[in-house]
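Student: Here the protein sequences come in this chain order: A and B.
The opening position of the first sequence corresponds to residue 1 in my numbering, with each subsequent residue numbered one higher.
The opening position of the second sequence corresponds to residue 1001 in my numbering, with each subsequent residue numbered one higher.
Don't read these hints as lab results, they were simulated from the structure.
Everything numeric in this text was worked out from a predicted model, so none of it was measured.
For each residue, glycine too, the CB sits at the ideal point set by N, CA and C.
A few of these clues could be false.
Unchecked claim - Covered, in the sense of this in silico footprint (three residues per stretch, anywhere, with C-beta under 8 angstroms from a C-beta of chain B), are these stretches of chain A: (1) 242-255; (2) 288-301; (3) 329-339; (4) 433-447.
As a plain string of letters, each chain reads:
There are 2 protein chains.
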Amino acid sequence: MPARSWDAEVDVLVIGGGCGGMSAAVEASAAEADVLVVERSGAIGGASAMAGGLIYMGGGTPVQKACGFEDSAEEMYKYLVAATSPGADLAKIEAYCEGSLDHFDWLVRCGVPFKSSFYSGMLSEPPGDDGLMYSGGENAYPFNEIARPAPRGHVPQMPGADKVIGERGSGWMLMKSLGEVAARQGVKTQCDTRANELVVDGDGRVIGAVVRSFGTDSVIKARRGVVLSGGGFAFNDDMLALHAPRMLGHSKVGTDHDDGKTIRLGQSVGAAVKHMDATTAYAALPPLLVRSIIVNASGSRFINEDQYFGRVGEAAFYREEGEAYLVFDEEGFESVPPEEIWGQRPTWVCETIAELETEMGVPAGALEVTVDFFNRHAEHGEDPLFHRDAKWLRPMRSPFGAIDLRQKPGPTSPEHRDGPGYSYSFFTLGGLHTSPEGRVLNTSGEPIPGLFAAGRTTSGLPAGGYASGCSIGDGTFFGRRAGGSAARST
Amino acid sequence: MPARSWDAEVDVLVIGGGCGGMSAAVEASAAEADVLVVERSGAIGGASAMAGGLIYMGGGTPVQKACGFEDSAEEMYKYLVAATSPGADLAKIEAYCEGSLDHFDWLVRCGVPFKSSFYSGMLSEPPGDDGLMYSGGENAYPFNEIARPAPRGHVPQMPGADKVIGERGSGWMLMKSLGEVAARQGVKTQCDTRANELVVDGDGRVIGAVVRSFGTDSVIKARRGVVLSGGGFAFNDDMLALHAPRMLGHSKVGTDHDDGKTIRLGQSVGAAVKHMDATTAYAALPPLLVRSIIVNASGSRFINEDQYFGRVGEAAFYREEGEAYLVFDEEGFESVPPEEIWGQRPTWVCETIAELETEMGVPAGALEVTVDFFNRHAEHGEDPLFHRDAKWLRPMRSPFGAIDLRQKPGPTSPEHRDGPGYSYSFFTLGGLHTSPEGRVLNTSGEPIPGLFAAGRTTSGLPAGGYASGCSIGDGTFFGRRAGGSAARST
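Let the hints inform the model, and build the full structure from the sequences given.
Tutor: Right under this line is the structure:
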C-alpha cells in the first residue's frame, strides 16, 4: 500500500452504526479512545433499529428473577450449545453466558429500559411492552430435556401502541439509547459514508480506511484499530450464490445495506470466514403452527410444532427443501386469537383428509396415515414421534384445512431460482472469523493486527441453529469487546 | 512483500500433483511453458491415484456409443444442473458439457485407456475392467424425468485383479498416464516439497511462491502464473469447524494432505471462497440399499433407495442428521450377490416389524405404518412416495433385519463430536472461487493476476449435490484450462 496523506485521524474507526458498531463505539469511548462511526445510510440504527429488539440474556437477570424464573449461566450454556450446534463456538458461548448479567447491567446503564413482566403468548415478539419471553424453544422438546427451561428473550420496553412491526420495534428503543450514550461520550458519527477499502501498512497492520461520502473519498487513519460491523449479506445475490444459494429469491430480513461489504473488506486483507452457509429461515406464524401439524411432501411430520418457529422454518426449508404444509382442523384454526391470525387463510379446505391429499398433491393415503397416527396418540396427550407438549395435543377432526408453504426455486429448477418463492424469510448468520475478544482472525487463526469486528459481519453465537435475541445479543456483547479491544490496541 | 532473491524461475508453477495439477502441467507445457510441479508427498498422484477413477463425461463419447447409449451435451447439462443445485455453476457446467467429447479425446491422447463395455451392476465402481457405468442416479427418479438417462461414469481400464479398492484403482491408471505425458513434455516434478507462501508484487500480482523441502526454504519465481491444486480440506479439523462442522469425527476420503493449504494460500492473497459447506457423504452400499428401505428416526422413508448412493447418504446425513436405518427382509438380504455384501451384517433380526421397532428405538407402530404403506404399493410395482423403480419393488415379508446407520456426534452433544461416528464417509467440495478459465477470483469477482486453481482446491462442478466422476472430471477438465490460462498469462 503506497504512503497516504490522511484526511482525518481517530483512535478507533467503527464501520457500521448498527447495534454491534454502536456498542463498540460506546465501549471504546469509555476507554478514552477518540472514536468515529461511519454509517452508509442516513442515520445510525441499521437492521437492529427495525428489529423486534429481543436480546438473549440469562443466568438470573433481575427481569428473570422478578418474573419468577430461575436460571444459571450453566443452564444457559447447555441450551446455547445445543441450539447452535453443529458448529457451536464454545469459547464465545462460554464468555457470553458468564458475562450475561454484567451485559444486562451495562444495557441498563446505557438507558435501555426493561419492564419486569413476562409475555406468555405465542407471537414472535410481545404485542405490548412486556420485557421477557421464551425465544428459542427452551421449553419445548428436545431443549427442555437438555437444559432447565428459562425464558431469556429480553425486550427493551416500548409501548405496544408505538410499535410498527418490521419498522419501529423495541430494537429502535435499544438503538436510541445506544446512540444517546455514544453522543454523550463524545463519539463522532458520520452518516451517508461508505467504507470502500482498508489501509494496511508494510507489516500487515490495518491502520485506516478509505471512505466515500457524496462522491468524495477521504482517507481516515485509525491509530488503534478499525471495527467492522456493517451487517450480513442477505441482500447481496452474488454472495448468496457463493455461500447460501438456497436463499436466492426468498424474502429477506434486514436493510439493503446488508450486502456483505464489511465481510469482503475483511477478506480483502486475508481474514477467514466462518459458517457462511448458515442462515435462519422462518415461515409459519407460531399461534397457528402449534395448533397444526406441519408435514412434508410425503405427508409425514418432521418436527414438533411447538418448537421455536425459526427452528421449524429451518427444518422445513433445509430438510424438506421448503416443501411443507400446515394441516389443521376447523377447531384449531378458529381457536387462534383473531389478533394473532395475521391474515393467514387456508389454501384448501376439505371435509376429509383424502380430499385434502388430492388438493395438496400428496400421494393418496400418505397424509391419512400421518393424521391417524397423530390422532391416536393425541387422544392420550402423547406425541411419541416428536414430543410436542400435551397442552397442544388433541385429535384433529373434520373439516380440515391446509396452508401451502411450498416455494418453487428448488434443486431441480435453477432457472427459476429468482422466482416467486416468498413463503420463507431469512437472514444470514455467517461472516468473519473472530476471537471472543472481537479480533478478526486470518486463515491461520491468528489475529490481523488493528482489525476487529462484531455483529452479523461476523460468525457469532448462532451457527447450526438460531434463537431470537442472539443477533442483537451477540452484536452488543461482542461489539463491546471489539470496541474495548480496539481501544486498548497499540 | 519485500524484494526477493529467487532460487529458481519457471513460467508456470503448479502446486499439487493430483489430477488437477498434472492436467494443468500437461496443458501448460503443451503451450510451450516451462513448468514445475511441487508436490508435498513422496510421489505425484494425490487422492486421484487412490480413487475409483471415474471420470464424468458424456455427450456421446465413443465408449457411450459403442455400449449403445445415446447422449448429448444438452441432456448432460440438464442432468448436471439438476444434480448439483442449489448453487450449480451454470457457466462451468456449460463449458464442461460442450467440451466433454474433446476432453475424452485428450485423455485418450494422454494414453488413458477406456474399454468399451458397460457395467450394469450396483457396486460403486466396476469390479472388473468395464469402462462405463451409471454414476449419479441418472436412471432413477427424479433425474430420469429431468434428462434422458445415459451412463457417464467413464472408468480408465485396469484389470480388476490389479485393483485394490481405496488404494490402487482406476485413478492410479489415470495418474500414471498423466505423469508419463507430463514427463515426456519436459514438466519438472519436485516431490516432498510444500508451498508455504505466495509471493505478490506491488501491483497485487502473484509472481511466485516460497516452498520448503526437507527443512530448506526456496523462493520460486513463476513468470506467467501459479496454479493451486492441492486438494480439499477434509483432513483439517480447524477448517471443518469453520465450514463443515457436521463432518468432524467422521470417516474421510482423501489423503492427509487434504488439509486445505492451497485454499488458504489463495485466501491469504484475497481470494474468495465458495460453497465451503458443501460435502458429499455416503453410508450404505448400493447392492443392499436397493433391496432395503431406508428410514429415519420416525420410521419414515425419505428418498428412493435406487438413487445414487451418495445422494442417499447426503439425505441421510444432512436431512436426518445421520439418524437412519436400512430395513430389509431375509429374502432381500439373501439376494445380494455374496461378493457384493462386503461383510455387512444386520444389527438386528426380528420376526415382526413391531419387535424391530423396539430394538431400533422407533416409536411403536411408526415403522409398521411405513412398511404397510410400502408393501401395499410394492405389490403393484408402485412407489407413490419416492418413485423407486418397479424392478426393485416387492413386498417385504418376515423375518426382517435392520442395519443401524446412526452416529452420535449430533447437534446436542458437541463434546462428542470427535467420537466414533464412522457410519458415513465424506469429502469436501468447497474451495476457491474460480472462473471457467481457471482464474482465481477475489471477493469482488475479479481475477487475481497470476493466480489459477483447479481440482478440489476450488469449488467446481459439484455444489448442492454430487455424482461419482465429477471430482476427477472437473479436476482434469478445469485443470487443463487453469494450466492453459497460466501459460498464456503475461
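Student: Now, for every hint given, state plainly whether the structure supports it.
Tutor: For each hint, the structure was consulted:
As drawn, the stretch 242-255 of chain A meets chain B at 5 residues by the rule of a beta-carbon pair under 8 angstroms; at three or more, the given contact holds. A count of 3 residues in the stretch 288-301 of chain A with a Cβ less than 8 angstroms from any Cβ of chain B is obtained; the coverage claim is therefore met, three being the minimum. Note: the stretch 329-339 of chain A has 0 residues with beta-carbon separation from chain B under 8 angstroms; the three-residue rule is not met and the coverage is violated. Taking a C-beta to C-beta cut-off of 8 angstroms, the stretch 433-447 of chain A contributes 5 residues in contact with chain B, enough for the three needed, and the coverage statement holds.
Hint 3 from the earlier list is the only one contradicted by this structure; the remaining hints agree with it.
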